[in-house]
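Protein chains: 2
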Amino acid sequence: MQDRLEDVKAQVQAALDEAMAKLPPGELTDAMRYACIGGKRLRAFLVMESARLFGIRDHEALPVAAAVEALHAYSLVHDDLPAMDDDDLRRGLPTCHIQWSEATAILAGDALQSLAFGLLADSRSGSPEVRLTLIKAFADAVGARGMVWGQAQDIAAETAAEPLDLVAIKRLQSAKTGALIVFSATSGAILAGADLAPLSDYARNIGLAFQIQDDILDVVGDEAETGKRLNKDGEANKATFVSLLGLDGAREKARKLVRHAEAALEAYGEEAGNLRALARFIIERDA
Amino acid sequence: MQDRLEDVKAQVQAALDEAMAKLPPGELTDAMRYACIGGKRLRAFLVMESARLFGIRDHEALPVAAAVEALHAYSLVHDDLPAMDDDDLRRGLPTCHIQWSEATAILAGDALQSLAFGLLADSRSGSPEVRLTLIKAFADAVGARGMVWGQAQDIAAETAAEPLDLVAIKRLQSAKTGALIVFSATSGAILAGADLAPLSDYARNIGLAFQIQDDILDVVGDEAETGKRLNKDGEANKATFVSLLGLDGAREKARKLVRHAEAALEAYGEEAGNLRALARFIIERDA
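Note that the protein sequences, when read in sequence, are chains A and B.
To convert, take the position in the first sequence, counting from 1, and add 9; that gives our numbering.
To convert, take the position in the second sequence, counting from 1, and add 9; that gives our numbering.
Note that these hints are calculated values from the structure, not bench results.
Treat the hints with caution; some may be incorrect.
Pairs involving identical chains hold if they fit within one copy or between any two copies, as the list cannot separate such chains.
[Stated by the list, open to error] With a straight-line Cα cutoff of 25 Å, these simulated SDA-like cross-link-like pairs (lysine to any residue) come out:
id, residue 1, residue 2
1, Lys49, Glu15
2, Lys145, Ala198
3, Lys31, Ala165
4, Lys145, Pro34
5, Lys49, Thr38
6, Lys31, Leu205
Let the sequences and hints guide you as you build the complete structure.
Written out as structure tokens, the structure reads:
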């Protein structure tokens, strides 16, 4: 799985570099390129591996993988802004608005979102009908019904009178980080016109496990490893899976979700080995 | 032309209301709806009238018109942010970040961009191939090669050692406001698979005339009429068409561009009457 992850990383970086090379030189493009440096590329991996399950080749799924990572990069740049989470460290580097300026960070994020849709529309995979379906699903996953809705709830929770309960946190996270993970993991099935249910089930479970592990790392993690500021939620007195379930309870919950995720892939047999390994990796990672 | 503009306004507002009604209730959706209030809807008019030239009916072109206005609304919300132009009045109302918060304004803008792409993908007009071409052209017009590039240049110009010259301002404005105007005016031809050149020529000319008139109104306009703060460029000591050409020179230049725009439509005869009237309206407007 690690070899395949490295392979996907290299392919996606090359695709993003190629897309940025077509943009006019200058600070805006530099900031966009900077925002796309590093990252685990888990979402790209989900795209490529879900596509492979249906016989879709890497070069066909690559524009979708690059689009997902460009979109994810935009979301991090905007989330890190002073008016939002106000973070100055990301992936071990100064955040975009620290490195450049707030205005450039806002614009780079905006342009990365446009680039993501452009990559999807430009993709060579699937019939035109299927690509329109994919773009529609993407717009839903990243907009006011998905990721951005989740981020708005997260910001609202910071100033709310009462901390969120478990149901509200699950709902928030399934939108904020879950929606793009579900899109990524089901994109292969969308392109192939196949049943989305098993991959969607898998993705919902690993999405939540991913967030729980993030909450765990926020408490027990190492800033040098994760490349971002930690213990933010504790300082902000924010409800998290750890504050609600305890450290052991959160770990047990994450393990359970990963078992469910693995079970959801049963129908795909050996072919889904990498996706199963990714599910386990998500709760074993320390960054 | 005014009747048709009112008709387009009503149709676009209904389409935007319908799209927002499908979003989860809450501050984010309220802010998105707020950002879409008012406006001249010139871009929607360009979409609907360019479509009509090729026999495309209103209800077929409407999702494209709504997408263009949602995208335009996002660009205004982000342009008005404190880190950008720092405006507190827009279309006669407090700007989005004043009415809500900076975080909500950033997220509402982000979600309006996703919504715009979703509307395009969801559109019923044209073949799937043609709709993908339209989405690709839209992504180019609004991203790091188009609108956002122009806005980045505009912000950079504010802190540059020397004011921009006429060539640089034309280049900046043809990206910042021109690209979306060209997209809007050519969208009908894209959907119909027709030659884009005449409408593109028309749109480049009215786009520049529109910007010149904005610069003129910034000097001689009335804040109550325009619904935004004026004389900003003079205060910022920013180069504009008026500062470079003088008031009379700018007016003469705008009139010349409008004549060129009208001439570009010759091949379409009477059918393009509304588009010609719009070109004249652009330099006659006082808001």
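Check your understanding: If you check each hint against the structure, which ones fail?
Key -> The structure breaks none of the hints.
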